[in-house]
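Note that the protein sequences, when read in sequence, are chains A and B. For reference, each letter of the first sequence is one residue, going 1 to 278 in the numbering used here. For reference, each letter of the second sequence is one residue, going 1001 to 1255 in the numbering used here.
Because the hints were derived from the structure by calculation, they are not lab data. Be aware that one or more of the hints could be misleading.
Claimed, not checked - Listed below are the simulated DSS-like cross-link pairs for lysine-lysine, each with C-alpha atoms no more than 30 Å apart in a straight line:
(1) LYS1134/B <-> LYS157/A
(2) LYS157/A <-> LYS1107/B
(3) LYS1136/B <-> LYS157/A
(4) LYS1136/B <-> LYS1107/B
As the list claims (entries may be wrong) - A few chain B residues that face chain A, going by a derived Cβ cut-off under 7 Å, partial list only:
(5) VAL1009
(6) LEU1057
(7) TYR1081
(8) VAL1088
(9) PHE1092
(10) MET1102
(11) LEU1105
(12) PHE1111
(13) GLY1138
Every value quoted in this text rests on a predicted model; they were computed, and no experiment measured them. Glycine included, every Cβ here is placed at the ideal spot set by N, Cα and C.
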Amino acid sequence: MDLYTLLIEPMTYQFMQRGLLAALLVGGVSGVIGCFVVVRGLSFFGDALAHSILPGVSLAYIVGADLFVGGLIAGVGSALGIGLLTSRGRLSEDTAIGVVFAGMFALGILIISTVRSYSVDLSHILFGHILGVQDGDLLTMALSGAVVLIAVFLFYKELVAQSFDPGLLRALRLPGEALRLLLLVLIALTIVASLQTVGIALMLALLVTPAATARIFTHRMITMILASSVLGMVSGVIGLYLSWHLNVASGAAVVLTSTAIFILVFSVNRLTTLVRMR
Amino acid sequence: MGGTSPALVVRSISAGYSTVPRAIEDISFSVNIGERIAVLGPNGAGKSTLFKAIVGLIDFNTGEISIHERDCRTSHALVGYVPQQNRVDWDFPATVRDVVMMGRLRKIGWFHHPGRRDRAAVDAALSRVGMADKGKRGIIDLSGGERQRVFIARALAQEADVLLLDEPFSAVDATAEREILDVLDRLREQQVTTLIATHDLNLASTRFDRILLIRRHLVAFGTVREVFTAENFARAYGKQVGVFQDGAFFVIDEH
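Let the sequences and hints guide you as you build the complete structure.
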């Protein structure tokens, strides 16, 4: 296989061009917000949030509304719900997440079960369909991504400090609780915007794996974010090509690419540490 | 040591939480500039509650607290809270400088990046705790004593000159303890006032100017000689304590 068939030829198709743009956008933005997910140990929250979007998306599908809007309402609603249940230690975080997550996902399944015909679109919500991305979807992804990145840029030092030591913000009389909710909403927005590439079931990997990989070889938040963002984009692009050439599901290909990179970086890091110790 | 005006005045303060509304009750004392105070009392006596009220982490129902003769609710920046080490994740991807810079968060302000003044304040704070050469280190590589010094530097970068340290000597080894005490000695020369919650009675009896002994209420406040009496300790620790041996007290069954 020559370089043309490997890299250029797939991109002569418009759906591949759109897929590539989607992979870059989603990989980059998820990589950034994913760093906060990883350093704060919010993996379970991220997974739950992705699932709790289902009722919003399926309801929007049935009434013929915009899927993104439906998902956004359900996602932000769940994020704030979990945030408020856990504020001031009313409920432990994993308990609140468990309750909201299971309830919302069940509601989603209930709504889907009312639709008699098998729906391809809904299966795309669950497992992603990066090659079916339309121009309108790309615009939505770009706008949501821009909102997330601008918010992270504007509140960067506060978000990082709040992630490291929430008590400090209270002592300095800064609104740590509002910043915590902001972060949860940003995670929700990222998830809703990214859903079309890998779907609900695999969304977590997009948030966690590139950031976890970056964390292995970085020791500052800023470098971790940059590295994670690049890793997210690289995984997205490689995954897309793999899905084309091997004719396999695109979402799974993207996720497995980032998993492979994680294993590689983890192993190289362990080996160099072992060599250095000798 | 000891300026003319007090650094910290606490007047009949009562504070608590929704579950325990009166974790501390009617506590009054006054600390001079540059003094080092050991805050003693059994577990649940309200040491942390007292600190949190002074720093403003919890609201207090009655009484007043002033720092340099200003209400603590408006002069919060002057009090630096040094939390227990285990309150944060030391695997966090940050350098020593990054953490100390967090003390400047409010001074830098929303939507601004650290400027030259902030960097200078961080440098000064690091050298005051003897960590000037370790600013670029990742916090993951710090020893127990260094972690505590980074937290102290963070409070100093905040431009606080009243520091509250919550159990800095618990869970650290002898080396770390010596490091922290050295830093505290240096800070005392610079007129920094410190209140330190501790369980270590021997340390409290040797390295501090005055002792604040509480058990929900104020039990005693004064010099070691005044506070370390069998009667005071029986009131504070009840049956937990009271063994008097070679001039030292031992707390039985602490934790």
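task = Take the C-alpha atoms of LYS1136/B and LYS157/A, compute the straight-line distance between them, and say whether it is at most 30 Å.
result = 18 Å, holds
Can we keep the PHE1111/B interface hint, with Cβ of chain A closer than 7 Å? 6 Å, holds
task: Return the status of the interface hint for LEU1057/B: holds when the least beta-carbon distance to chain A is below 7 Å, violated otherwise.
output: 5 Å, holds
Quick one, are LYS157/A and LYS1107/B close enough, alpha carbons at most 30 Å? OK: LYS157/A and LYS1107/B at ~12 Å, within 30 Å.
Q.
Need the status of pair LYS1136/B, LYS1107/B: alpha-carbon distance at most 30 Å?
A. 22 Å, holds
Point to revise | Satisfaction of the VAL1088/B interface hint, Cβ to chain A closer than 7 Å | key: 5 Å, holds
Next pair to validate is LYS1134/B with LYS157/A; report whether the Cα-Cα distance is within 30 Å.
Holds. LYS1134/B to LYS157/A sits at ~21 Å (cutoff 30 Å).
_Less than 7 Å between beta-carbons is the criterion; does TYR1081/B satisfy it with respect to chain A?_
5 Å, holds
Hint check, MET1102/B versus chain A [nearest Cβ-Cβ separation less than 7 Å]:
Where the cut-off is 7 Å and the nearest Cβ of chain A is about 4 Å from MET1102/B, the hint holds.
- Query: Can VAL1009/B be said to touch chain A, with a Cβ gap under 7 Å?
  - Reply: Violated: closest Cβ of chain A sits about 19 Å from VAL1009/B, beyond 7 Å.
Min Cβ distance, GLY1138/B to chain A: is it shorter than 7 Å? 4 Å, holds
For the hint on LEU1105/B, just tell me whether its beta-carbon gets within less than 7 Å of chain A.
6 Å, holds
Hint compliance for this structure: hint 5 alone is broken.
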